[in-house]
Amino acid sequence: DTAVSQTPKYLVTQMGNDKSIKCEQNLGHDTMYWYKQDSKKFLKIMFSYNNKELIINETVPNRFSPKSPDKAHLNLHINSLELGDSAVYFCASSQSGGGYEQYFGPGTRLTVT
Amino acid sequence: AQSVTQPDIHITVSEGASLELRCNYSYGATPYLFWYVQSPGQGLQLLLKYFSGDTLVQGIKGFEAEFKRSQSSFNLRKPSVHWSDAAEYFCAVGSTGGGNKLTFGTGTQLKVEL
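Chains R and X, in that order, give the protein sequences. Start counting the first sequence at 1; every next residue gets the next number (our numbering). Start counting the second sequence at 1001; every next residue gets the next number (our numbering).
For the record, the hints were derived by calculation from the structure and aren't laboratory data. Treat the numbers as computed from the prediction; the structure is a model and nothing was measured. A few of these clues could be false.
When the alpha-carbon atoms are kept at most 30 Å apart in a straight line, the in silico BS3-like pairs for lysine-lysine are as follows [unchecked claim]: (1) K1111/X with K71/R; (2) K71/R with K52/R; (3) K44/R with K1061/X; (4) K36/R with K1049/X; (5) K71/R with K1101/X; (6) K22/R with K9/R; (7) K1111/X with K67/R; (8) K44/R with K1049/X; (9) K71/R with K36/R.
Isolated chain R, as found in the complex:
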């Protein structure tokens, strides 16, 4: 009965590879997000989708491509991985509209070697 789930929890890969992280929520929310947490614990939003439509696209390299097949899923695909992509990636969901709290997944720790 996990609210927001992510797979995998850990991902270790080499530079230049392509990888995907999957996210699913069973809260019935219509908005989903991807955040990146760097080694200093700083959290920054990357993308936001509302009803499968891209709403927020921060200054993220176009090697990162989110895909939302339906309201309950938001996947993150990363091409040509670089060392600087190493971080913890969090998926979150909420209802749209002002002020609704976001529920976070457990995170995916990506390590690029």
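Chain R is fixed; fit chain X onto it per the hints.
Showing chain X alone in chain R's frame:
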């Protein structure tokens, strides 16, 4: 642009002591404010939120926060800290439009001495 400042990177308190974590925000309108907690290796859990109304809000685990518009602050408090409260605490401000963007502060790491 919205922003959040958490001036204390690390705080150490003794178990049973009171706690106050500081948060200052910058936002052009009435903000939506949140405090989240992150335990090691875990995701973020919402402690409490402020949207409007009573400026003193109660949250889970005995936490409370007070919104002070004149000081642009939303400080988190707990009267008696437990060892299990050791974690990273994040203050965040939410936008009222444009995708519900949350802007986080840099976090405060709380250590609890037994």
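Requested in this report: Quickly compare the C-alpha distance for K22/R and K9/R to 30 Å and report which way the hint goes.
Outcome: Given that 30 Å is the threshold and the Cα spacing comes to 10 Å, the pair holds.
**Report entry** Holds or violated: K44/R to K1049/X, with C-alpha atoms at most 30 Å apart
**Finding:** holds, 19 Å
Query raised in the report: Is K1111/X within 30 Å of K71/R, Cα to Cα?
Result: violated, 39 Å
Query raised in the report: Holds or violated: are the alpha carbons of K71/R and K52/R at most 30 Å from each other?
Result: holds, 6 Å
Query - Holds or violated: K71/R to K1101/X, with C-alpha atoms at most 30 Å apart - result: holds, 18 Å
Query - Restraint status (C-alpha distance of K44/R to K1061/X at most 30 Å) - result: Roughly 26 Å separates the two Cα atoms, so the pair holds.
Query raised in the report: Does the alpha-carbon distance linking K71/R and K36/R stay inside the 30 Å limit?
Result: OK: K71/R and K36/R at ~21 Å, within 30 Å.
Requested in this report: Sort out whether K1049/X lies within 30 Å of K36/R, counting only the CA atoms.
Outcome: Since the Cα atoms of K36/R and K1049/X sit roughly 22 Å apart, the hinted pair holds (cutoff 30 Å).
**Report entry** Given hint K67/R paired with K1111/X - CA-CA distance at most 30 Å
**Finding:** violated, 39 Å
Violation of the numbered hints given earlier is confined to hints 1 and 7; the remaining hints are satisfied by the structure.
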